[in-house]
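Listed in order, the protein sequences are those of chains V and D.
With my numbering, letter number 27 in the first sequence gets 27, and the count goes up by one each step, no holes.
With my numbering, letter number 251 in the second sequence gets 251, and the count goes up by one each step, no holes.
Hints were generated in silico from the structure; no laboratory data involved.
Predicted, not measured: the structure shown is a model, and the values here were computed from it.
One or more of the hints may lead you astray.
To list a few chain D residues with every Cβ distance to chain V over 10 Å, as calculated [said to hold, decoys possible]: (1) M40; (2) S139; (3) D141; (4) L175; (5) L202.
Beyond 12 Å from chain D on every Cβ pair, some chain V residues (computed) [stated by the list, open to error]: (6) D43; (7) A76; (8) G77.
Incomplete in silico selection of chain D near chain V, CB under 7 Å [stated by the list, open to error]: (9) T205; (10) E211; (11) A215; (12) T239.
Note that CB positions come from ideal geometry on N, CA and C, so glycine has one too.
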Amino acid sequence: MRVLVLEDDDDLRECMPTFLSTIADVECVLAGSVEQLQEKADDALRTDLALLDINLGRGLPSGVDAFDWLLNRGYAGRVVFTTAHAARHPLVAQALRLGRATVLSKPIPRARLAEFLHAERT
Amino acid sequence: MIRTTDYPSRIAWFSAMLATAIGIVGMLLELAGGRHVLGMPDWPAFVSLAVSASVFGALVAQRSRKNIRFASVAFVVNAAAISFALLVRDPYYAQAGDWLPFQANKLGCVLAALLAPQLWSALVGVGLHTASAGLVLASVDVELHQQIVFEPMGTVTFALVGVVLTLYRQRRLALERHVATVHAETVAAQQLARISLAVRDLANTPIQTLELCSAILQQRFPGAANILALQDRALARLTELGALLQRYEANLTWDHDATSLDAVAELERAALRP
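Chain V on its own, in the form it takes in the complex (with noise of 0.2 Å):
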C-alpha cells in the first residue's frame, strides 16, 4: 500500500513512515511543501492515501490546493486532511466542505490512524 504524506513538520514527517509501517506494509512518498510534492508528481499520484496537512507555512500554497492539484491530475486515492488548526479556521472549513476529504485534527489517536490504514487495505 502506497501513502502519501505532504506535512512541513519535519520531526512528524519522518517519524510517520516508521509508524505506519508497524501497522502495514506501507510504502511512503513524503513531502514537505506543495512545490515537493510537485517534483514527486509521479510517485504521489499513485499512491492509494494521501495525509495532507492543512497548514504548511505562512504564505504558503496549503494542503487545500495540494489537494486540487491532485484532483486536478487526477488522483483517485483518499485524501485526509491533517490539521493543528481550530476546527473553525477558514482554511479548514474550506477543507471540510470539499466533501470528498476527512479532515482529523492533530494530535490524531494512534488507533484512529489505523482505522484509516485498515480501512483503505480493505
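Use these hints to put chain D onto chain V, whose structure you have.
Coordinates of chain D only, in the frame set by chain V:
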C-alpha cells in the same frame, strides 16, 4: 493606542476644558459689555477670569491623569466663579436699564446640562446659575423688579430644561460607558481566544510526533511498556489541555486575513499589546 475604557474620562476632561474655555471667552465679552455701565465693578469679572484660567491650567497640567471626579470639581468651581461675577454685576445692568435679564445665567444652565462631567456637577451648575439670578432678582428695588418681565419664570424654565437635558445626557453617557465596557471585554476575549488557539496550534504537531514515537517505541521495546504508559498518560493530559483551550474558539471571530494565521506571530503580537 486609546483604550475604550478611557473614553468616559476623556469625554469628561474635554467637557470640563471646553466649559472653562467658554467661561473665559464669555467673561471677556461680559467685561467688554459692561464698560458703558455706570459704576460697574470690573473686579468680579477679573476674579472669574482668574479662577477659570487657573482651572483650565490645572486641567491641562493633569491631562495625563484624567479623572472624572477632578473634572467635575473643576467644572463646578468654574461655574461658581461665573455665577459669583454675574451676581455682583447684574444689579448694575438692572439699574442701567435696557437689559435682557439673566441671559448669561440661562446660557449657563444649558451649558451645565450639556458639558458637566457628572450628574451632580450638572445639577450644582444649574443650581448656581439659577440661584445667582434669584438672588439678583431679590436684591433689586421693587420698581426695577416690576420692569423685569418674564422673571423669575424665564430663568426657572431654563433651569428645568437644564435638569431634563442633564438627566437625558447622563442616561446616554451611562449607555455609552456600558457599550465601551462591553467592547473592551469583547476585545479582551478575542485576544485570549487567539492566544489560546496559537498555543494549541503550536503544541498540537509536536504532541502528534510524540504520540507516534510512543507507538513506535512500544512495538520495538515491549519491556519498556510501563515507562511508555507513563509517557502516554502525560500525552493524554496534554491532549486534554488542548481540548480545554479549544473552548475559547467559540469567542473568536475570524477575519479574511486569518487564513494566514501564524501562531508564533500571534503570540509575539500579544506580548507587545498593553
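Hints, one by one, checked against the model:
no., hint, in the structure
1, M40, "holds, 74 Å"
2, S139, "holds, 74 Å"
3, D141, "holds, 80 Å"
4, L175, "holds, 32 Å"
5, L202, "violated, 8 Å"
6, D43, "holds, 22 Å"
7, A76, "holds, 27 Å"
8, G77, "holds, 21 Å"
9, T205, "holds, 5 Å"
10, E211, "holds, 5 Å"
11, A215, "holds, 5 Å"
12, T239, "holds, 6 Å"
Hint violations for this structure: number 5 only, all remaining hints satisfied.
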